[in-house]
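2 protein chains.
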Amino acid sequence: MLFQRIAIVGFGLIGSSLARAIRRGGLAQEIVCIDRAQAVCDRVMALGLADMATVDAALGVLDCDLVVLCVPVGAYKNVIAALASGLKPGCIVSDVGSVKQAVIDAVLPQLPADVHFVPAHPISGTEHSGPDAGFAELFEGRWCIITPLPETDIRAMEKIVALWEAIGAKAEIMDARRHDLVLGITSHLPHLIAYTIVGTASDLETHTKDDVIKFSAGGFRDFTRIAASDPVMWRDVFLNNREAVLEILQRFNEDLTNLQRAIRYGDGDTLESLFTRTREIRRGVIQAKQEVPPAKKA
Amino acid sequence: MLFQRIAIVGFGLIGSSLARAIRRGGLAQEIVCIDRAQAVCDRVMALGLADMATVDAALGVLDCDLVVLCVPVGAYKNVIAALASGLKPGCIVSDVGSVKQAVIDAVLPQLPADVHFVPAHPISGTEHSGPDAGFAELFEGRWCIITPLPETDIRAMEKIVALWEAIGAKAEIMDARRHDLVLGITSHLPHLIAYTIVGTASDLETHTKDDVIKFSAGGFRDFTRIAASDPVMWRDVFLNNREAVLEILQRFNEDLTNLQRAIRYGDGDTLESLFTRTREIRRGVIQAKQEVPPAKKA
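Protein chains in written order, with the numbering used here: chain A, 1 to 298; chain B, 1 to 298.
Worth flagging that the hints you see were computed from the coordinates, not collected in a lab.
Careful, some of the hints might be misleading.
No copy labels: a pair is met if it fits in one copy or bridges any two.
[Said to hold, decoys possible] Taking lysine-lysine and the DSS-like style, the derived pairs with C-alpha atoms no more than 25 Å apart in a straight line are:
id, residue 1, residue 2
1, K214, K77
2, K209, K159
3, K88, K170
4, K170, K159
5, K209, K170
6, K214, K88
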């Protein structure tokens, strides 16, 4: 057993999946649910996902050797302020946030000196939200990126690595800023684009919008799935990874303008040459995937 | 049996899937493969997808009561020029192109007066190309949009509707320009965006690009799949649906700039409000899908 008593703060898709995976693996003696919504606490107890559930964060973390933040990253500051007084010496605080540098900046100054902070980000999810949407297999075969600080206790980090590996993820150590840049490209920008294009479609006049929904196969349907992700979580991602997102968005805009121009002036060579080049990246992605066991959902 | 002798011009993903579906349904006495590549003709015969195969288009269409163009839309003009002399009176010419008005403009002036033209577009596909990539179930439960002209012979149109319904598709009649606008949104713009974002990623310095490929879950992987689609087919789509694509791209750009501004100035309300609104569209898409039988591949 890796931990005695784990508190999970925020029982949405990721928090409830983590609780299910920990329970299934017998990785903790006890799981505490902390959620600001009493209805979620009640639901978690009804689903049997935790041994106790409370809206009182400082009470919930009492005697825990691990606390995992699974709330939108914009809420970290308030959550840490609410629970810091309950943390016992030697406790490990970790998280699952999609942004890492801003999280470190928000959490670290508020933590007691005798508590270990190990930031982490499992790269998995679905477009569904809430405690009922979770499932124990969510992290299987997926990466979990750990972004320790120079001063992070090595044994604390190893325990977090062991936790994620025990529930089927592949752990990778990375610098926080590098994480934010890479994820800005692979995850944040695609989400922003998908939200934009679905938003553009939703502003069409009714008749056209109905047809767009009806004939939504062929690209757009994939975008609507991505754009159905949790709004608050994603709002916080963009607000907290602003620099990397704006930087990559600028490059994207230049490239899109270039294609727009090629279309306007009938420059087929530019289009075909890019469309051929992008196949290389796809091949890389497929090859990279061959190293990992297939996951149930992406 | 719906047709005596069907010529399919271009045996890529769509052409070869159509041949397989026609053969499986026993919908024609004979299938002729016309492809400009002798290697494709040989492969088609080896796979048993046609009764004869030829690179000579005018020869291939002899005595056919149906000819279906399954080549990139930019090739229509030359293909029609090559085969028009072989078409017998009363023959129906149809197609599967992703763009409809430009196709009508290219094909109609070149066809003999005693030949019927019924433009069609089955909304289905995968990112794979070539005669081996096809499968008979590709069109099951999918829409096939037919865009007849005011002068189109009603019985010719009904035979094309019957063909697509016999292979499992749902036929829908639509004006060509409306088709081009709707598909510009649901298919062409998403493909353009996906090609752009994967292109942007492929221009990153090697170390970052490797990480982007490695951690490609979470949006980007879906984009790489879309951006692996046939380069020549998509080049022709953008060149031949220029007006609709540029118009919708303009709206998309305005919306993206608005979000970019919201990120820069930390305007969380604008972000959250859009991210909430896009869920409505997703619900519509899911409801629309419930009306159709599940397809094997999208």
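Hint check:
1. K214 <-> K77: neither (43 Å within a copy, 31 Å between copies)
2. K209 <-> K159: neither (50 Å within a copy, 30 Å between copies)
3. K88 <-> K170: Cα proximity of K88 and K170: none, with 29 Å in one copy and 63 Å across.
4. K170 <-> K159: Only inside one copy: K170 and K159 sit 14 Å apart there, 55 Å across copies, limit 25 Å.
5. K209 <-> K170: between (42 Å within a copy, 20 Å between copies)
6. K214 <-> K88: neither (55 Å within a copy, 37 Å between copies)
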